[in-house]
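Asks: Listed here are the chains, written in short residue letters.
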Amino acid sequence: MIRDPIRTLVFRLTAVTLALLLILSLLASWLALHQFERVLFPELRLKAQGVAEVLTRQIDRALGYGVPLAELPGLSAALATEVAAHPDIVYIGVETPDHRILAAQGQRPAMPRRSAVAAPDDLEILAPLTGQHGLEAWLRLSLDPDWVAKASTDLILEVASVILISVLVAFEVLLLVAHLSLGRVRATGTPRAYRPGSGSPFNLVFLRLPVFLFCLSEEVTRPFIPTHAQALAPTAPWLPHDLAVSLPITLFMLIWALSQPLGARLSGRIGRRRAFILAALLSALGLTLTALTDHLLAFMAWRCLTALGYGLALITAQGMVVDHTKGHNRASGMALFIGALLAAGVCGPVAGGIITDEAGATTTLLVGAVLALMAAATLGLLLPKGERHGPPGTPAWHRDLSPAIVKLARNQRFTALMAFSAIPAKVAATGILFCLIPLLLTESGADKAEIGRVQMLYFLFFIIASPLAANLSDRWQIRRGFIVGGGLATLAALIPLALVDQAWGPYLAIALFGAAQALISAPQLSLVTQIATRVRVAEITAIGWYRLLERLGGALGPLVVIGLAASGSYHEAALGIGLVCAGSALLFWLLYRRASPALHALETHP
Amino acid sequence: MTVLSRRRWLQWGTATGASLLAAGVRANPAPPRRFRIFMVLGRGEGTNEQGFKDYLARRGLEIDYIVRDTGGDASLLPGIIQEIKELRPDLVYTWGTPQTRAVVGPWDDPEPGPYVRDLPVLFTYVAAPRDAKIVPNLERPGGNVTGTIHIAPVAAQVNAILAYRPIRRLAAVFNPAERNSLLMIEEMRRECARRDLELIEAPAPLTDGKPDPLDIPHLIARCRELGGEMLYLGPDTFFTTTHRHQVAAVALAERLPSFSATELIVRTDRALFALSSSPYGIGRLTGVKAVQILLEGQSPGEIPVETLRRFSVLINMATAKELSCYPPLSLLNLAEVVGV
Amino acid sequence: MIGGRHALAWQVSGIIALTVATAIASALILAFLKFNQRLLDITSDRLALVVEEVRRQTETGLALGLELAELEDLSGVLQRASRARDVERIEIWNGQGRILFSTQSDRVGGHDATTALGPGYGPGPRRRLQGNKLQLSLPLTDGLGRMVGTVGVTACLGNLQRSLASVRHGLLMMATPVVSIALVLSLVAVILTLWLSRRVRSQIARHDGGDEAPALPPRTPPPAPSQAMNQPLAQPGRLRVVITRESPPGPPANRGPTAVPPRWRG
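Quick mapping for you: the protein sequence lines, in order, are chains R, Y and D. Using numbering that gives the first Met the number 0, read the first sequence as starting at 0 and increasing by one per residue. Using numbering that gives the first Met the number 0, read the second sequence as starting at 0 and increasing by one per residue. Using numbering that gives the first Met the number 0, read the third sequence as starting at 0 and increasing by one per residue.
Take these hints with a grain of salt, some might be off.
As the list claims (entries may be wrong) - Partial chain Y-side listing against chain R, Cβ under 8 Å, derived:
#, residue
1, 202
2, 206
3, 316
4, 332
5, 336
6, 339
None of these hints come from the bench; they were simulated from the model. Predicted model only: the values in this text are computed from it and were never measured. We put the beta carbon where it would ideally sit given N, CA and C, even for glycine.
Generate coordinates for the entire structure from the input sequences, incorporating the hints supplied.
Replies: See below:
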């Protein structure tokens with residue numbers, strides 16, 4: 000691939016950025032932590048003194064009644080309660096003046112222990128316990144010298160997220176700048192950088208940044224949409240609660256799916272550039288209105304508006320790719336487009352989560368609107384004005400639809416593929432990722448930043464597993480197997496989500512889930528094209544229908560998940576979805592198998 | 000009769016006038032009307048009655064109290080009932096199960112004649128009104144009777160016992176001639192079965208239907224011999240009121256920690272600890288219900304029979320010291336301590 | 000156009016420097032916000048101990064059947080509790096917000112409607128931040144299980160804010176050198192990378208004007224190298240620089256100043 004040299008250069012520059020970021024943020028974090036400890040530590044000590052006072056009061060009361068300390072039951076239990084309630088207190092003990100320990104909970108840190116800000120003495124609090132005859136014992140509390148560092152784990156995660164987002168954004172921008180600067184795309188031969196408007200040839204890389212920014216505008220909303228809908232549900236009490244939570248996402252997916260064919264036609268008519276800018280403006284408007292609304296119905300309406308813009312923009316971008324590529328390089332063109340989408344999928348939820356936690360959902364939505372506007376602006380600047388709709392090679396699948404779908408529907412394998420593989424997979428994807436994860440994690444007390452991180456893992460692992468899966472699937476010529484394997488892997492992936500209660504459960508589950516989805520989606524496309532050939536339908540048409548049905552499945556996702564959750568818990572819903580995927584994968588295996596030997600031959604030897 | 004009817008007329012008149020006045024005036028407490036409350040007590044006026052009277056006074060009610068004390072003598076009751084029927088007070092207040100039973104009778108008795116059924120009756124210090132057939136159910140008694148219970152629910156009692164010491168065998172002495180005690184022991188039996196706690200029942204032997212105080216030492220010694228780790232004393236008048244001093248002393252001598260569902264035997268004698276309601280608090284709760292009947296005109300049948308939500312733990316520290324059986328710190332924090 | 004032969008280096012190092020600086024700044028801001036929260040949490044925990052203790056003592060009295068206004072020794076309890084650091088006042092309000100007891104005696108009898116605690120909030124004290132005052136409140140329930148009032152501690156966060164300001168100052172002091180290092184390092188690193196990547200860049204140069212770039216529309220014929228050669232003559236200076244750069248001591252196959260791509264911007 001010839002684009003490689005620039006890519007290589009940009010990769011190297013991105014690596015440089017990453018290295019710089021890591022070194023400098025490590026430095027900055029260390030210095031900052033030092034500052035924080037200096038202030039936090041005295042406060043911790045003060046609080047520990049408060050705890051010591053509470054305990055001392057209780058024990059002194061007992062001693063005042065003449066209860067001998069050694070015979071006072073429940074002393075250890077009382078100490079244990081306090082140690083459990085305060086993670087920064089690592090040891091509480093009652094000892095006699097001659098250092099005999101009567102009761103103790105926790106582990107005393109090894110002496111002498113010195114942290115940067117506290118002398119060993121500062122880490123311990125000694126309080127006298129007085130009874131009827133004066134001093135009877137000492138209460139000793141030890142603070143954890145590493146508490147500040149330990150408590151900063153979520154800060155570390157957030158800083159790591161910031162680094163990741165910065166690196167990805169830098170990559171996109173660098174790629175663009177490198178291409179601009181190195182004058183890629185020419186023909187008219189000016190030594191200066193490519194100037195938009197100077198001619199028809201067009202470097203598709205220029206599409207990446209606008210698409211990236213635009214997808215980002217939507218991805219930042221992912222962590223909080225279901226919980227936001229849940230919070231607004233009381234404004235429409237006549238709507239059943241489950242519907243109120245899942246309907247916004249379902250409507251979004253539905254409108255998105257349905258806007259694609261219409262959008263293709265529209266962008267063909269008014270021009271790709273105008274269509275994209277219009278779409279981005281629509282989305283920006285939708286997001287702004289969503290940010291300002293307080294009522295569930297208005298919220299859903301504006302989400303639909305945003306979905307309209309989203310669908311239009313994406314189909315326009317895809318149209319642009321198709322315009323400027325042909326057969327053999329179309330795949331890499333689409334890969335470019337999808338790469339931008341996935342990069343946004345990795346950055347967006349994390350950034351959105353962090354912004355929502357600190358500044359609220361409204362701010363995040365407005366940020367999304369700004370990103371959409373930026374996408375419009377960048378496209379406007381980068382794309383030459385003359386971009387009308389492309390050569391007659393534009394997707395013809397939006398014509399000629401009805402006869403094609405009939406032929407496809409009659410084909411048992413197509414229906415099997417759709418009904419038992421494509422649709423369940425998308426149901427699982429949207430249901431789990433967009434709907435279940437935010438609700439489930441919020442219920443167990445996670446903040447939006449954590450939700451964003453978990454969602455990001457899906458995209459990350461999808462990106463990692465996808466090329467591998469495609470590669471292996473092609474090399475080993477196994478398609479059905481991967482799809483079935485992916486379905487079963489979905490179940491395996493969702494089991495940790497359903498059964499594990501620890502913090503790492505969702506992370507593991509979603510990572511595996513992303514990989515499983517990659518397994519499924521890689522060979523699906525080639526199967527569809529094979530069926531298309533067999534049934535004598537244009538490849539593009541078949542793919543169009545495939546995508547449409549997939550998206551309709553995606554629209555169903557939230558409804559299914561919330562429906563399952565209504566009768567049980569979120570965990571049970573996850574398990575249910577996993578079982579559905581595994582079950583339909585097996586059904587797919589059975590139904591797809593019954594192919595004639597000729598077909599089988601066709602399939603294995605394309 | 001003419002006095003009464005005039006009085007009644009007066010009351011009505013003032014009531015109408017007062018309610019008109021109250022309708023015009025906002026805020027506050029009670030219309031200036033005097034109520035008559037007839038009290039049937041079993042052991043004289045105590046802190047309960049104090050709490051009751053204080054509460055009504057705070058609410059601004061003017062009350063004429065007519066107090067009759069049986070002192071434990073059941074033969075005085077028919078005369079008292081007759082008096083109630085003649086005087087027709089606004090509210091009848093009864094203390095204790097025997098007194099209440101006598102005044103209102105079993106709710107399902109086909110012969111309501113001898114009982115007070117047409118006046119509101121408020122009972123207090125009845126441990127198990129449903130089992131004693133005073134009311135059919137606690138949430139909506141449905142008749143003319145409601146009241147307050149002074150005993151913590153059995154589950155709370157067992158919780159307190161186990162919180163003090165996680166024992167396996169509990170011994171209970173009781174007077175089988177008292178219905179209250181029988182009912183409480185039944186409930187304890189059920190609760191202990193649920194908790195996997197062994198209950199050793201030691202009823203006092205009856206002579207002529209009455210228990211003999213001379214049997215007390217032997218009874219408690221038997222509990223000890225049978226392996227009881229703690230002695231349970233329910234709302235039993237014989238053991239915890241009349242002969243409480245002896246009971247507590249014997250338990251102490253036998254080195255048996257004792258738990259009581261009423262506080263007197265811990266406060267004034269040497270039982271170890273109790274889970275009880277504040278008598279003043281019970282009095283106030285009864286006062287709350289009286290206000291609902293008198294001022295708000297609610298029918299007693301609509302008012303639920305309740306107990307306090309929070310109970311006090313009372314610990315006698317002198318007993319604890321002598322038995323070397325100290326309470327755990329968590330319980331001590333919540334407890335009132337006496338005997339220091 | 001940021002000009003000159005090092006335009007790419009400038010632009011790229013500018014972007015990287017900007018990215019790094021923004022990232023570091025964001026990270027520091029996030030860290031500060033988290034620290035802010037943590038500090039507030041610790042102080043709240045400490046004050047929660049105080050208000051819990053007052054509640055416990057008050058409810059012990061209430062359990063005896065007394066009414067809130069009748070508990071006389073509460074004033075002493077409140078005074079003792081208010082000696083904790085940062086505490087401005089401790090108060091007990093009845094269900095309508097009327098102040099029954101207060102460590103600031105001139106407030107007794109007054110009214111504070113904002114204190115009414117609604118039903119159904121979680122365990123632990125309710126926390127309210129108003130300006131630089133932190134208020135923690137807990138409900139008081141009597142023996143009948145009814146909520147009869149609220150106990151609340153109001154603390155002045157002046158100390159806290161001073162600490163926060165000092166930390167903020169410290170961070171800013173620290174940020175400046177870090178960001179400067181970032182800028183310098185970025186520039187150095189970029190130049191180094193570009194220099195080390197000159198082989199790659201010559202590859203780009205060679206293939207620039209090529210054809211299989213997926214972005215290339217099929218109908219445009221690839222520009223002939225001869226066409227390309229016409230360009231550099233217009234800008235000899237650049238060419239010279241490029242030539243100098245493009246002479247690595249490497250295998251001769253890569254050599255060839257004449258093969259320098261015309262639109263190479265060094």
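Asks: Closer than 8 Å between Cβ atoms is the bar; does residue 316 of chain Y clear it against chain R? Give me holds or violated.
Replies: At about 5 Å, which falls below the 8 Å cut-off, the nearest Cβ of chain R leaves the hint on residue 316 of chain Y intact, so it holds.
Asks: Holds or violated: is the Cβ of residue 206 of chain Y closer than 8 Å to a Cβ in chain R?
Replies: Violated. Min distance 42 Å.
Asks: Residue 339 of chain Y was flagged as interface toward chain R. Is the shortest Cβ-Cβ separation under 8 Å?
Replies: Result: holds, 5 Å to nearest chain R Cβ.
Asks: Holds or violated: the hint that residue 332 of chain Y contacts chain R, with Cβ atoms closer than 8 Å.
Replies: Because about 6 Å separates residue 332 of chain Y from the closest Cβ in chain R, which is inside the 8 Å limit, the hint holds.
Asks: Minimum Cβ distance from residue 336 of chain Y to chain R below 8 Å?
Replies: holds (6 Å)
Asks: Against chain R, is residue 202 of chain Y within 8 Å by beta-carbon distance?
Replies: With a minimum Cβ separation of about 32 Å from chain R (threshold 8 Å), the hint on residue 202 of chain Y is violated.
Going down the numbered hints, you'll see the structure goes against 1, 2, while the others check out.
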